[in-house]
Structure formats: structure tokens, C-alpha cells
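*Asks:* If you want the building blocks of each chain, they are given just below.
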Amino acid sequence: MKDLTIQLLIDGLTLGFVYSIIAVGYSLVYGILEFINFANSEIFMVGAFIGAEVLIILQKVGILGNIPIPIALFIAITISVILSGSLGVLIDKVAYKPIRNSPKLVAFISAIGVSFFLQDAVRIIEAVWKNAFYVNAPDVLTYKIKFSDNTNIPVKFLFIVGSSIFVMGIVTLFINKTKWGKAMRAVAQDSTTASLMGINTEKMISMTFFIGAALGGFAGTLFTIQYSLVHPYVGFVLGIKSFTAAVFGGIGNLPGAMLGGIILGLIETFGSAFLSNLTNGIIGSEYKDVFAFSILILILIFKPNGLLGSTVKEKV
Amino acid sequence: MKKVILVMDYIFIFMMPLLLYYNYNSSVIFLLFLLSIFRLYRTDIMLKMKFLLLIFDILVVLPTALNSNSYFIDIATQICIYSILAVGLNIVVGFAGLLDLGYVAFYAAGAYVYAIFASNQANNFLPKFFVQFPISGEWFWVFLIFAMIVSAIVGIVLGLPVLRLKGDYLAIVTLGFGEIIRIILNNLDKPINITNGPRGITPISPPRLFGIEFNSPINYYFITIFILIIVIFFVNRVNYSRIGRSWAAIREDELAARSMGISLVKMKLMAFAYGASLAGMAGVVFSAKQTFIEPTSFGFMESIGILAMVILGGLGSISGAVTGATILVLLKLLILKDFSEFLGNIADSGLISIPTELDPAKYERLVFGIILVLACIFRPKGILPGKRSIEYLKKMLPGDIQKINPNS
Chain A
1 MKDLTIQLLI
11 DGLTLGFVYS
21 IIAVGYSLVY
31 GILEFINFAN
41 SEIFMVGAFI
51 GAEVLIILQK
61 VGILGNIPIP
71 IALFIAITIS
81 VILSGSLGVL
91 IDKVAYKPIR
101 NSPKLVAFIS
111 AIGVSFFLQD
121 AVRIIEAVWK
131 NAFYVNAPDV
141 LTYKIKFSDN
151 TNIPVKFLFI
161 VGSSIFVMGI
171 VTLFINKTKW
181 GKAMRAVAQD
191 STTASLMGIN
201 TEKMISMTFF
211 IGAALGGFAG
221 TLFTIQYSLV
231 HPYVGFVLGI
241 KSFTAAVFGG
251 IGNLPGAMLG
261 GIILGLIETF
271 GSAFLSNLTN
281 GIIGSEYKDV
291 FAFSILILIL
301 IFKPNGLLGS
311 TVKEKV
Chain B
1 MKKVILVMDY
11 IFIFMMPLLL
21 YYNYNSSVIF
31 LLFLLSIFRL
41 YRTDIMLKMK
51 FLLLIFDILV
61 VLPTALNSNS
71 YFIDIATQIC
81 IYSILAVGLN
91 IVVGFAGLLD
101 LGYVAFYAAG
111 AYVYAIFASN
121 QANNFLPKFF
131 VQFPISGEWF
141 WVFLIFAMIV
151 SAIVGIVLGL
161 PVLRLKGDYL
171 AIVTLGFGEI
181 IRIILNNLDK
191 PINITNGPRG
201 ITPISPPRLF
211 GIEFNSPINY
221 YFITIFILII
231 VIFFVNRVNY
241 SRIGRSWAAI
251 REDELAARSM
261 GISLVKMKLM
271 AFAYGASLAG
281 MAGVVFSAKQ
291 TFIEPTSFGF
301 MESIGILAMV
311 ILGGLGSISG
321 AVTGATILVL
331 LKLLILKDFS
341 EFLGNIADSG
351 LISIPTELDP
361 AKYERLVFGI
371 ILVLACIFRP
381 KGILPGKRSI
391 EYLKKMLPGD
401 IQKINPNS
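Chains A and B, in that order, give the protein sequences.
If you read the first sequence in my numbering, its first letter stands for residue 1, the second for the next number, and so on.
If you read the second sequence in my numbering, its first letter stands for residue 1, the second for the next number, and so on.
No lab work stands behind these hints, which were simulated from the structure alone.
Treat the hints loosely; a few may be bogus.
[Stated by the list, open to error] For lysine-lysine, the following DSSO-like pairs were computed, each having C-alpha atoms within a straight-line distance of at most 30 Å:
no., chain 1, residue 1, chain 2, residue 2
1, B, Lys332, A, Lys104
2, B, Lys2, B, Lys48
3, A, Lys303, B, Lys387
4, B, Lys48, A, Lys104
5, A, Lys130, B, Lys337
6, A, Lys288, B, Lys362
7, A, Lys97, B, Lys381
8, B, Lys332, B, Lys387
9, A, Lys104, B, Lys337
10, B, Lys387, A, Lys97
11, A, Lys104, B, Lys166
12, A, Lys303, B, Lys166
13, B, Lys48, A, Lys130
14, B, Lys190, A, Lys288
15, B, Lys266, A, Lys97
16, A, Lys104, B, Lys2
Note that the structure is predicted; figures quoted are calculated from it, not measured.
With the rest of the complex left out, here is chain A (with noise of 0.2 Å):
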């Protein structure tokens, strides 16, 4: 039973790592914004993407083998999260800013539309490319830590749970104290009052989704290094789950967000493990995403301001 609960323990953490990431994403573009970004899920399909394709290139290419292994990963992680956020900022700039003044509704189904499009997208160029459906990306930080008899501690769930903190002290830092952090949070504030002060707007809600993007890369990569198998319909579920997350804790709000994919993952894992014991096996770890979309529906309903979040009152 330990060892069973230490093993949840570490794929619900896994799980909630990756979760928290994106829903950083979300929560800095609906802070500045007021909007979803429902491309949010598929940029994170094409870091997982773009992280597999260069572990392959890597492979194929002979240097896998040769350099040493968290090196290799800094690359995939590099090269994806750079090319990711430029996604972001072109999906901005072709979907999202022509549509700025129209009503919140019109962005959001133009996001919906991104999203469709870059999921078959990017199975067009795999399509061409490889003749391929998915992906397979070498298996890679295979080796575990004895923790007792019977469990042992992957070495690619510290690197994730590891690098994942790190990355989230940069993103906290860069938005907290730093000039340019500043001057997003506050066009994210008032962002009439923020231009008049000499910000610019644009020029922000670029970096907002540059880094949300970039996240979303981040993210996808190490996705991609859990779980090897990538494929175009893969952001979908877990794009809804991690705005979950984002609502959970309190959108808008970074703590909030990470700590709301945290808590998301760990109830997913532990619920979908312990809900055929508690039915004697009539209702099973099918029902997993059901139990994610009634948690989402009933924060949205009982308490859309999320665990951190303010209250927002209506302008009349």
C-alpha cells in the first residue's frame, strides 16, 4: 500500500507538473487579455512535437549516445521553447490582434479555430514528412533511484519535477521584479492608464505570449520526455485540464495556477486509482477525464474565482 501511494504520489506530481506549466500559459494571456486562449493546449502540442523531432535528429545523427544526457535534453528543451513562442506571437499577431476590439466571444472562437488548425497542421507535416501518424521519441533518463525494496525513483521525475521549479522561479522573478514584468502586469491592471505611462501595449502582450507559448513549449518537451509517444490530438484533454487547473487556482493568479495543476494532478491520479476499489471495479480509470471536467464544472459554477484569485465585480 506504501509503495502504491508513492507511486501515485510520483505520477500524479509528473502529471501536475506538466498541468501547472501550461496553465501558467493561460493564466498570464487571461490576465492581460480576459481571454482563453484555447491554443494554448495545441502549442503545447507542437513543443511536445518539436521536442521529440530534435531527440530524434539528435539520435539520428549519432550524438545521443555521445553527449551527456541532460545536455541533449537542454537542447530539445531550448530549440522548443524558443520556436514555440514565436508560435505564440505569430498566432497573435495573425489570429488575435485583428479581432482586438471586437467582442471577448469572436477571439475565442477565432482561438478555437487556431487550435483545429494547427492540430491537423502539424499532421499534415508529419504526414509529408514521415509518412506517419505520431511520433516516437527515444526513451531517454531511463535510470532509477532504489528508494526501498519494492519502489524506485525515476531519475526522469526529479529532472522534471527539478526543472519545472526552476523554470517557474524564472517566469515568478521575471514578472515580479524585473522592469519589463512590471510594465506587463501593469497593462494586465489598466492597460489605457499603462499606454498613457509610455508602455507599450502591444509590445507587452507580444511578451505575454511569448511566454505563455514558450511555456507551453517547455512543457510539451517534457511531456515528450515522460511519456515518448506524441500525437497530434494529444493537447486537447490535457489543454482543458490544465485551464482547469488555472481556474482552480484562481485565473489570472501565478501561484494560484501552479498550485491549482499541482493539486489537479494528484486528484486525478489518486482518484482514478482509488475509484474502482471504492466501486468494486464498476466504475474504473475510464471515467479519469470525467472526474477532471466535474471538477472543472463545479469550480466554475460554486467558485469561479479559484483558491487565490480576487473577486471580480460587474461594470455596470
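Please build the complex by placing chain B on the supplied structure of chain A, with the hints as guidance.
*Replies:* Structure of chain B alone, referenced to chain A:
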């Protein structure tokens, strides 16, 4: 110049039906024929005359000309089914302004209600009374109404808790409900086998009337077109009634509508119920036509497809919803498919090698995605915009509304 265009239109409108008789296998002529119906709808001729010609084109020319081309008839039937769905979603999104991303759940509810009772499926969980399942095809007509009621109830039950939410939060919650219903349908084969899980339900009895079985494509075409005509008539009446005006008021300004004494809860629930009931009816027709249904037919993609139809056609406009449905169904079933075949022919002839995974018929998400983005950027009001938005009224009375309300 205008007269020339009008004359050209007349020639086009009268020529296309003849051409359709002449060559009923050409996709191009079929598309042009449908375009001629659209042009007919848009020309300025006498209303009665226009109406008669429309009915003649739809009820006489199309079925007789395409009698021996069952694939085109099937496409026409699909257009009708999706038009019913689009008109229904248009009530929720276009009239009342509530973005519903789980609309397909109601479609699934209708389809499964008929499928379970019109196949052996109901024997698994209902005790054997004097009724023996599958029920006979005469019940199809009863189930059209019954499914409307069931779906409307599902709509109200799902609508009640989400009424406090607005905009994108509402959209995400309805998306969640839609996915939950699909997952439940997918897993409800145990402990009691109700939906037969991912294997789907088949065979489903086709409709019957006075001992005649309806099982050819042309029969389904007539069933769906009659339902569509009734639905359009009915929804049009509702739109111009007190209910429709309340919906428009809620959509444009919720606070103002509430202070005018409109009950938000009642009107929003009504929009959900009306939209859901139409989807339920479309679901019954769909399951009877396919004689096989499975949960994957009711995914998120389907909801987005219907939403794309409504957005492309024009929010808040019934003719727009039908136009959008027609365009997207044609795109999916005719144009992409023809393009696939074309690419396949090139690949077979060996000129260039095309990867087998690259099959345009599989890439409807790409096309729907591009359409959604382009429609949002360049024509957010759609092809045939609704006629009761604040922007439209402003155009009608330049200056007047601004004088009354300086903030608008």
C-alpha cells in the same frame, strides 16, 4: 448594370435545374444547382413567385433529377440534418448569445433514445413486458416528439447550473458537459449494458408509415426536408415573437434586459430547451438513417463543425444557418472527397509520390479551423447577417439611436 446582373441571375436560376437533369453525376453541376437556389433566395422577385420556385427546386427538381444518384441525395439529406442542427444551435448562440460548445450532447441524446428502443439494446435492461424490442418503425414518428422532449429536459438540466456563467466560462462548461456525456455513452456498457459502449448500436429499425418501410436515400431526403421546412417556419415564428425579442435583448445587453422585466433564467433556459429539442429530433433522424450509431460520432469536433456553420452563415440568421450548413457539408462530403480522389489518381499514375497519410478527406479540422479564423477576422457577422443586432439598427436609423443613448 444591375439589370444585366438580374437577367444573368434569371438565366442561371432557370438553366441550372435543366442542366441537373442533363448530367446528374457531375459535382460541379450539383454545386452550381445549389448555388442557383441560393441566388434565387437572394434575388428581388415577387415573394410568392420566389417561394414557389424554391419549393419546386427543392421538392421536385432535386429528388427527380438525382433519383439515380444516391450519393448526391445522401449529401442533400446530410445538408438537411446539419441545417436542423445549425438552426437549433443558432437559437442558443445566435439569438440568445450563449456560446454552447457541447451542443452535440443533445444530438447524441436524441440519437441514443431512438437507437436503444429501436434495436435489441433495450432488452438488456428492461424487463420483458408485453412490448417486445425492437419496436416497429411506426414509432419513429412518436420518437421524433419524444426525443425533442427528452433533449429539452436534458438541455434544461444542464442549463440550470450554468446560467450564472457568461461568455467563455459558459463555453468551457458546456464543452465539459458535452465531453462528459460522450464519455458516459462510451462506457455505459457495464455494469448494465445500455449503450453497448464503443461498439455502438446496430441495427436500428428504419421508419415505417402505413406499412411502407422508408429505407431508400430518397425517402430520408423527403423526411429530413419536411422536418427542416417545419423547423424553419417554427423558429422564424418564435424569433419574431415576444420570446425572440427577449433573446435579442438578453444577447445585446443582459443588464438592460433584466431591468426591462425580462426573466433571464426563464428565457435562457428556454433558449437551451428549444435548441436542444431540435438537436434531439435531428438525432432521431440520424440514427434511423445510419441504422448504426457509436459515441465517436458525437465528439467535440462535431460541435465545432456545427458552430462553424452558424458563424460562417451569420449569427442570428436562420437562412444564414442553412447556408453555412450547406457550404460546410458540401466542403466535407463533396469537395474534400473529390480532392482526395484527385490526389489518389495522381499518385496512382505515378507522376509524383504522395504519402498515404496525406488524405485531404481526413483534414476537415484544418479546413474548419481556417474557416473559423477567417470568418472571425474578415466577416464576423457571417454571410447572411442577422437583422436584429445593435449595429444593424444603427445602420437603419443613422443618428437616432446615438441621440437617445450617447454612450452606445
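*Asks:* Does each hint hold? Answer for all of them.
*Replies:* Hints versus structure:
The straight-line distance between the Cα atoms of lysine 332 of chain B and lysine 104 of chain A is roughly 29 Å, inside the 30 Å bound, and the hint therefore holds. Taking the CA atoms of lysine 2 of chain B and lysine 48 of chain B, the gap is near 22 Å; set against the 30 Å cutoff, the hint holds. Taking the CA atoms of lysine 303 of chain A and lysine 387 of chain B, the gap is about 37 Å. The hint is violated against a cut of 30 Å. Between lysine 48 of chain B and lysine 104 of chain A the CA atoms are separated by roughly 41 Å; this puts the pair beyond 30 Å, and the hint is violated.
Of the supplied pair hints, the one linking lysine 130 of chain A and lysine 337 of chain B holds, its CA atoms being roughly 23 Å apart against a limit of 30 Å. Restraint check for lysine 288 of chain A and lysine 362 of chain B: the C-alpha separation of about 28 Å stays at or below 30 Å, so the hint holds. A hinted pair counts as satisfied when its Cα atoms are at most 30 Å apart, and lysine 97 of chain A with lysine 381 of chain B qualifies at roughly 18 Å. Restraint check: the Cα-Cα separation between lysine 332 of chain B and lysine 387 of chain B comes to about 29 Å, which is no more than 30 Å; the hinted pair holds.
Proximity of lysine 104 of chain A to lysine 337 of chain B is assessed by CA-CA distance (about 35 Å); at most 30 Å being required, the pair is judged violated. Pair hint lysine 387 of chain B plus lysine 97 of chain A holds up; C-alpha atoms about 27 Å apart against a cutoff of 30 Å. With a C-alpha separation of about 11 Å, the suggested pair lysine 104 of chain A and lysine 166 of chain B falls inside the 30 Å cut-off, and the hint holds. Between lysine 303 of chain A and lysine 166 of chain B the CA atoms are separated by roughly 14 Å; this keeps the pair inside 30 Å, and the hint holds.
Proposed proximity of lysine 48 of chain B and lysine 130 of chain A is contradicted: the alpha carbons are some 59 Å apart, above 30 Å. For the proposed pair lysine 190 of chain B and lysine 288 of chain A, the alpha carbon gap of about 16 Å is at most 30 Å, so the pair holds. Of the pairs offered as hints, the one joining lysine 266 of chain B and lysine 97 of chain A is violated, with about 37 Å between alpha carbons and a cut-off of 30 Å exceeded. As the CA atoms of lysine 104 of chain A and lysine 2 of chain B are separated by approximately 39 Å, the hinted pair breaks the 30 Å bound.
Consistency note: the structure conflicts with the earlier hints numbered 3, 4, 9, 13, 15 and 16.
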